[in-house]
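Visitor: These are the residues of each chain, in order.
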Amino acid sequence: MHGATPSTGSTAISGRSGDGPSLVIFVTRRVAITIPLLLLISFGVFALVHIAPGDPVRSLLGARASDPATLAAIRARYHLEDPFLVQYGYWLWQVIRGDLGVSIQGNRAVTSIIADRLGVTIFLSLMSTTLVLGLGILLGAVAAFRRGTRLDRAIVMFGVFGISSPAFVTGIFLLYLFGVLLHWFPIFGPGRGFLDRAWHLTLPAFALAISVMAIVVKITRAAMIEELDRDYVTFARARGLSSRRILFAYVLRNSLIPVVTAAGLVVVGIVAGAIYVEVTFSLPGLGALTVDAIQKRDIPTIQGTTLLFSAFVLLVNLAVDVIYTVIDPRIRFGRVES
Amino acid sequence: MNAVVGRAGQEGPLLKVEGLAISDGAVPITTPLNIVVERGETIAIVGESGSGKSLTARAIAGILPPGINATGAVTLDGVPLMRLAESELRKIRGSRMSMLMQDPFTMLNPLMRSGDHIDEMLRDRPEFASRFARADEVKRRLAEVGIVDEDVARRMPFQLSGGMCQRVALAAALARDPELLIADEPSTALDVTTQAEIIKLLRRVQRERHMSLILITHNLRLAFSICQRVYVLYAGSMLEVGDAAAVERQPFHPYTLGLLLSEPPVDIRVPRLVAIRGSVPRAADVLDSCGFADRCDWAKQICRTGKPPLTALDASRFTACIRQDEIQGELDALRTAALSAAPMTPRRGETAGALVRVHGLVKTFVGERGRPICAIKDVSLHIMPGESVGLVGESGSGKTTLGRCLVGLETPTAGDIHVNGIAAADFDAMAKADRVRVRRTIQMIFQDPFSTLNPRHSVGQALGEALGASAGATSPATAERIASLLAKVGLSAAYATRRPASLSGGERQRVAIARALAVKPAILVCDEPVSALDLSVQAQVLNLFRHLQVEHELSYLFITHDLAVVRQITERIYVLYLGEIVEEGPTERVIGNPQHPYTRRLVASIPRSAIQRAP
Ligand SMILES: Nc1ncnc2c1ncn2[C@@H]1O[C@H](COP(=O)(O)OP(=O)(O)O)[C@@H](O)[C@H]1O
Ligand code: SF4
Ligand SMILES: [Mg+2]
Numbered sequence: 001m002h003g004a005t006p007s008t009g010s011t012a013i014s015g016r017s018g019d020g021p022s023l024v025i026f027v028t029r030r031v032a033i034t035i036p037l038l039l040l041i042s043f044g045v046f047a048l049v050h051i052a053p054g055d056p057v058r059s060l061l062g063a064r065a066s067d068p069a070t071l072a073a074i075r076a077r078y079h080l081e082d083p084f085l086v087q088y089g090y091w092l093w094q095v096i097r098g099d100l101g102v103s104i105q106g107n108r109a110v111t112s113i114i115a116d117r118l119g120v121t122i123f124l125s126l127m128s129t130t131l132v133l134g135l136g137i138l139l140g141a142v143a144a145f146r147r148g149t150r151l152d153r154a155i156v157m158f159g160v161f162g163i164s165s166p167a168f169v170t171g172i173f174l175l176y177l178f179g180v181l182l183h184w185f186p187i188f189g190p191g192r193g194f195l196d197r198a199w200h201l202t203l204p205a206f207a208l209a210i211s212v213m214a215i216v217v218k219i220t221r222a223a224m225i226e227e228l229d230r231d232y233v234t235f236a237r238a239r240g241l242s243s244r245r246i247l248f249a250y251v252l253r254n255s256l257i258p259v260v261t262a263a264g265l266v267v268v269g270i271v272a273g274a275i276y277v278e279v280t281f282s283l284p285g286l287g288a289l290t291v292d293a294i295q296k297r298d299i300p301t302i303q304g305t306t307l308l309f310s311a312f313v314l315l316v317n318l319a320v321d322v323i324y325t326v327i328d329p330r331i332r333f334g335r336v337e338s
Numbered sequence: 001m002n003a004v005v006g007r008a009g010q011e012g013p014l015l016k017v018e019g020l021a022i023s024d025g026a027v028p029i030t031t032p033l034n035i036v037v038e039r040g041e042t043i044a045i046v047g048e049s050g051s052g053k054s055l056t057a058r059a060i061a062g063i064l065p066p067g068i069n070a071t072g073a074v075t076l077d078g079v080p081l082m083r084l085a086e087s088e089l090r091k092i093r094g095s096r097m098s099m100l101m102q103d104p105f106t107m108l109n110p111l112m113r114s115g116d117h118i119d120e121m122l123r124d125r126p127e128f129a130s131r132f133a134r135a136d137e138v139k140r141r142l143a144e145v146g147i148v149d150e151d152v153a154r155r156m157p158f159q160l161s162g163g164m165c166q167r168v169a170l171a172a173a174l175a176r177d178p179e180l181l182i183a184d185e186p187s188t189a190l191d192v193t194t195q196a197e198i199i200k201l202l203r204r205v206q207r208e209r210h211m212s213l214i215l216i217t218h219n220l221r222l223a224f225s226i227c228q229r230v231y232v233l234y235a236g237s238m239l240e241v242g243d244a245a246a247v248e249r250q251p252f253h254p255y256t257l258g259l260l261l262s263e264p265p266v267d268i269r270v271p272r273l274v275a276i277r278g279s280v281p282r283a284a285d286v287l288d289s290c291g292f293a294d295r296c297d298w299a300k301q302i303c304r305t306g307k308p309p310l311t312a313l314d315a316s317r318f319t320a321c322i323r324q325d326e327i328q329g330e331l332d333a334l335r336t337a338a339l340s341a342a343p344m345t346p347r348r349g350e351t352a353g354a355l356v357r358v359h360g361l362v363k364t365f366v367g368e369r370g371r372p373i374c375a376i377k378d379v380s381l382h383i384m385p386g387e388s389v390g391l392v393g394e395s396g397s398g399k400t401t402l403g404r405c406l407v408g409l410e411t412p413t414a415g416d417i418h419v420n421g422i423a424a425a426d427f428d429a430m431a432k433a434d435r436v437r438v439r440r441t442i443q444m445i446f447q448d449p450f451s452t453l454n455p456r457h458s459v460g461q462a463l464g465e466a467l468g469a470s471a472g473a474t475s476p477a478t479a480e481r482i483a484s485l486l487a488k489v490g491l492s493a494a495y496a497t498r499r500p501a502s503l504s505g506g507e508r509q510r511v512a513i514a515r516a517l518a519v520k521p522a523i524l525v526c527d528e529p530v531s532a533l534d535l536s537v538q539a540q541v542l543n544l545f546r547h548l549q550v551e552h553e554l555s556y557l558f559i560t561h562d563l564a565v566v567r568q569i570t571e572r573i574y575v576l577y578l579g580e581i582v583e584e585g586p587t588e589r590v591i592g593n594p595q596h597p598y599t600r601r602l603v604a605s606i607p608r609s610a611i612q613r614a615p
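One line per chain: the protein sequences are A and B, in this order.
Residue numbers for the first sequence follow the numbering used here, beginning at 1 and rising by one.
Residue numbers for the second sequence follow the numbering used here, beginning at 1 and rising by one.
If you're looking for bench data, these hints aren't it; they were derived computationally from the structure.
Honestly, I wouldn't trust all of these hints.
[To be verified] Computed from the model, here is a short list of chain A residues facing chain B with C-beta under 7 Å: (1) Tyr232; (2) Thr234; (3) Gly240; (4) Tyr250; (5) Asn254; (6) Pro329.
[Claimed, not checked] Derived CB-CB ranges, DEER-like: (7) Leu138(A) to Asn34(B): 41 to 49 Å; (8) Ser502(B) to Gly148(A): 24 to 32 Å; (9) Ile422(B) to Ala222(A): 50 to 58 Å; (10) Ser502(B) to Thr28(A): 48 to 56 Å; (11) Gly148(A) to Phe450(B): 30 to 38 Å; (12) Gln461(B) to Thr28(A): 54 to 62 Å; (13) Val27(A) to Asp285(B): 57 to 65 Å.
[What the hints assert, rightly or not] So, partial list: chain A residues that the calculated Cβ filter (under 7 Å) puts toward chain B: (14) Asp231; (15) Phe235; (16) Arg237; (17) Ala238; (18) Arg253; (19) Arg330.
All figures in this text were calculated on a predicted structure; none of them were measured in a lab.
Here a beta-carbon is modelled for each residue, glycine too, at the ideal position from N, C-alpha and C.
Let the hints inform the model, and build the full structure from the sequences given.
Guide: As structure tokens, this is what we get:
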């Protein structure tokens, strides 16, 4: 080794140190934004009682007999004699301790009703998310690698079809075809035990997945086609790297960035879609519970599920942002040039 | 690294390309090409952009973009590459033949640490099974390409400069010790001084490894300075092939001569740059004639009756000009005439009555997190009426900011600017009449004229508008005035109806110049006006600038990183380095006898041909 003068190169680099601390700072900052948002939402949810038409006591009483003792108990529990903000403070403190009040139907704690229903919804959403991301990315990748072929066109067609039909329509269609006509899958109920439940939830999960999956297929396909054309992919091929290495370390990883960006929307879309699908397939999940609570004007239950959904949406977005920065270091550092 | 020499014991050339024809579906991109690379030899493929260099390189490596196909034979050390399956080719790529792509900034995976690009090349080898062994090797490989800062391996590509990316990419390309490296314009996207370092590095690595190198470039002088043989590619056809020294001494093909002459020399100022008229045709349009015929001064009917084949004149020289023997005398005469220098009459060093005077100019920008970025620190300069002044420096030296301050596009943080005696540092603080006068006196030409032309307006509309703004314009611009403006920049009146998108780069720049001339300015500030143009077109535009200077007694401030360009067009230059003027003086003196270390580095970074160089 002689005569090399690495002069300009080394001076041109701006000295930035390792990425550990900056990631911690980023996450801390991101969490710090989430907390006030959560408070804001909780305030809105709390205000529901007072926004709902009629006397808050009546709303909270529901169908129960309005004897003075019960009324007094409700007043005491919600501190209705205190100023509005103080009421909110008491209520928030109860919520933080895990007390969401009592359902107006049957005097059960809202938390225990939600706990009963949560399992089905989580199972359904996870199954559907796995389908959306797994199958969606796979189909998108296949379409990109085989672009221009009949297979590619078929996948793109399927995407158009998926995007244009809402989850409950797809649900009814699947239910009729595979449940009623073919008897391959059960047409209602959540099932017991893991396998039975998976079998029962297959059709709902697909119904839920198809419309959202189309978006993932589309994004993945576009991103992959773009990646395959990149200089660094050509350079990787020119260096004789294996096709597996190129696929995973180069093409897939780079094209996942836009997919991850959309993943927040995908998960939120799935959970929102679950509300319809649970009703369509008569599944005892949170969505069905919410619809039921709205019909019965069960304010404490509505408060509970709304709070849960909103917190979930915020947390998903937080998680997506963190994953995003872990995958793409450029975000973390901020671009150095231009 | 001696393993390479050991492996290459066989007879015959290392790489043989025979009848390689590339096409985009049915549209041909190259005619059948033949290329031979001996072991340890460096050859150059020279051509302007679009001539098919990059695709030829990719066809040799077997990685053409989808939709593009190639026929012919590529034989590497006896192995017919084009008949191999992709899985077989993969074993050859990287370990026997490797490639560097054109743009250093996009060559590395943006999500991967730079060291991992080398690391991933080593993983298959048993001796590098452990991560620590690989880390050591990565360090060693980076040292080979001149990177001693160990931290670089841990950086992400976007944290590296272009030159650094290019070094890392080179180390990655060489990690499996290939016998052949194809480098596609390895220095084009870099700063001048970095360019020279990268080329020096490539040469050193090539020699130490006794590796074969295909250097792809548009710079004929660079090719002559480091290659044994050159292949001149034009519109997809090989026009001339031969030993570098021989071709440089006496080019046989009019195109090679044209390229040589239109590349402005740094050493001397030539009376007139010999420009090649017109622009590069597409390969598909010149299938049955000499591809150069439309631009050739010697073209005859015979040149268009078929494609002249590349024929051997002696063992090492080939040309595709059928009239070579008839016209060689004229070619040689042109060459000799062009090389005779035109002595410049330097102006006396007076500064009274300067057209533009800048004193103590400072410009600070607010950067990331409010950090101040000092683009210009205390610059003073002057430009006399009718004088052509150069402002030379690398990107980031503050050249463009200075130019923008002069024409009022930026407001300086401190310092004075006087244009024709009017204080013009802060356009907002000027009286309206003064502002209008300064705007008419000083006009700017940009590197990318497209960005300043409204794509929806025709050329005539754009010029008409500019004429309307000129002093004493009472009536709207007539077609005649537009036509005479176009004529000044060498375009016919028919161009008035064209839209910017349908113009070539050179034509657009001419339109931009015409528009600037509409207000009869006294000085043009030209920011890299020819650096985006093809070489043969560059000479045309430079000639236009010279001609306009004489005809209209224009002054110029020529902002550029290209010393050869300022050599041809300016009388005096300022060298700007990190926002400060480090040297100033007559162009002759500064380039011939640079004083400041930075200027010396700049001058030394220009590839010089063997003829003008001491042996
Ligand atoms: N991916 C592609 N698809 C279609 N045409 C292309 C593609 N890449 C290059 N070309 C065309 O092939 C010709 C040669 O291009 P290229 O090899 O990049 O030239 P050079 O490297 O000499 O500038 C050009 O006319 C260009 O437009
Ligand atoms: S063949 Fe004819 S047109 Fe082509 S370069 Fe020679 S003289 Fe010119
Ligand atoms: Mg190219």
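Visitor: A separate judgement is required for each hint: does it hold in the structure or not?
Guide: Hint by hint, here is what the structure shows:
The criterion of a C-beta within 7 Å of any C-beta in chain B is met by Tyr232(A), whose closest approach is roughly 5 Å, and the hint holds. A hinted interface residue such as Thr234(A) counts as satisfied when its beta carbon comes closer than 7 Å to some beta carbon of chain B; here the least separation is about 6 Å, so the hint holds. Using the Cβ-Cβ criterion of 7 Å, the hint placing Gly240(A) at the interface with chain B is satisfied: the shortest such distance is roughly 3 Å. At about 6 Å, the closest approach between the beta carbon of Tyr250(A) and any beta carbon in chain B falls short of 7 Å, and the interface hint on this residue holds.
The restraint placing Asn254(A) at the interface with chain B holds, with a minimum CB-CB distance near 6 Å, inside the 7 Å limit. Because the smallest distance between the Cβ of Pro329(A) and any Cβ of chain B comes to about 5 Å, under 7 Å, the interface hint for this residue holds. Distance hint for Leu138(A) and Asn34(B): a CB-CB separation of about 45 Å, consistent with the stated range 41 to 49 Å. Taking 24 to 32 Å as the suggested C-beta distance range, the pair Ser502(B) and Gly148(A) conforms, at roughly 30 Å.
Here the CB-CB span from Ile422(B) to Ala222(A) is close to 54 Å, well matched to the stated 50 to 58 Å. Look at Ser502(B) against Thr28(A): about 55 Å separates their beta carbons, and that is inside 48 to 56 Å. Range check, Gly148(A) to Phe450(B): about 32 Å between beta-carbon atoms, so the 30 to 38 Å window is met. At about 56 Å, the beta-carbon gap between Gln461(B) and Thr28(A) stays in the expected band of 54 to 62 Å.
Between Val27(A) and Asp285(B) the beta carbon distance is about 58 Å. The supplied range of 57 to 65 Å therefore holds. Because the beta carbon of Asp231(A) sits about 4 Å from the nearest beta carbon in chain B, less than 7 Å, this interface hint is met. Taking 7 Å as the C-beta contact cut-off toward chain B, the hint placing Phe235(A) at the interface holds, the least distance being around 5 Å. The interface hint given for Arg237(A) is met, as the beta carbon of that residue sits about 5 Å from the closest beta carbon of chain B, less than 7 Å.
Satisfaction of the interface hint for Ala238(A) is found here, the shortest Cβ-Cβ separation to chain B being roughly 4 Å, below the 7 Å cut-off. Interface restraint check for Arg253(A): the shortest CB-CB distance to chain B comes to about 6 Å, inside 7 Å, so the restraint holds. Here the hint on Arg330(A) is kept, as its CB sits about 6 Å from the closest CB of chain B, short of 7 Å.
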